[in-house]
Amino acid sequence: MTTKAKLLAVTLDCAEPKKLAEFYHQVTGFDVQYSEDEYAAVGNGTTAIYFGRVPEREPAPWPGPAKQFHLDFRVPDVEKAVEEYIALGATKPDFQPGVSEEEGVRWIVLRDPEGHLFCVCPDQS
Numbered sequence: 001m002t003t004k005a006k007l008l009a010v011t012l013d014c015a016e017p018k019k020l021a022e023f024y025h026q027v028t029g030f031d032v033q034y035s036e037d038e039y040a041a042v043g044n045g046t047t048a049i050y051f052g053r054v055p056e057r058e059p060a061p062w063p064g065p066a067k068q069f070h071l072d073f074r075v076p077d078v079e080k081a082v083e084e085y086i087a088l089g090a091t092k093p094d095f096q097p098g099v100s101e102e103e104g105v106r107w108i109v110l111r112d113p114e115g116h117l118f119c120v121c122p123d124q125s
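Counting from 1, position 96 in the sequence shown corresponds to residue 96 in full-length UniProt numbering; the numbering is continuous, with no gaps.
Calculated directly from the structure, the hints in this document are not laboratory data.
Among the hints, erroneous ones may be present.
Each computed DSS-like pair below joins lysine-lysine, with the alpha-carbon atoms no more than 30 Å apart [claimed, not checked]:
| id | residue 1 | residue 2 |
| --- | --- | --- |
| 1 | K4 | K67 |
| 2 | K19 | K92 |
| 3 | K18 | K6 |
| 4 | K4 | K80 |
| 5 | K67 | K80 |
| 6 | K19 | K4 |
| 7 | K92 | K67 |
| 8 | K92 | K4 |
| 9 | K19 | K6 |
| 10 | K67 | K6 |
| 11 | K92 | K18 |
| 12 | K80 | K19 |
| 13 | K18 | K67 |
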């Protein structure tokens, strides 16, 4: 039998950990648990996002095969959340696979201030 692991956190490489921690604090409501120039963290006691300083990191093109991961967040109102996150420094790429004329908005892809992709998804009711 394989030892089962519990996910502690996801760590994002970035140029400015303190700034990115503040962005995700605003997006998730997670507490800023640690904040230094080289390393920062946000979390809620169960889940955390860590940020490690890698100044030469470059965002992957979107769309494209270099994307290795993205984060997904559920919100009660996708359009309102997207508007708020853009005001915090996120950007909205042109390519939006979760938006179509037939189905409307199923999710919206954004880039955080350092170019990491994340999806804003509706709550499942």
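Evaluated hints:
no., hint, verdict
1, K4 <-> K67, "27 Å, holds"
2, K19 <-> K92, "19 Å, holds"
3, K18 <-> K6, "26 Å, holds"
4, K4 <-> K80, "38 Å, violated"
5, K67 <-> K80, "26 Å, holds"
6, K19 <-> K4, "34 Å, violated"
7, K92 <-> K67, "16 Å, holds"
8, K92 <-> K4, "37 Å, violated"
9, K19 <-> K6, "27 Å, holds"
10, K67 <-> K6, "24 Å, holds"
11, K92 <-> K18, "22 Å, holds"
12, K80 <-> K19, "22 Å, holds"
13, K18 <-> K67, "23 Å, holds"
Hint check: violations occur at hints 4, 6 and 8; the rest are consistent with the structure.
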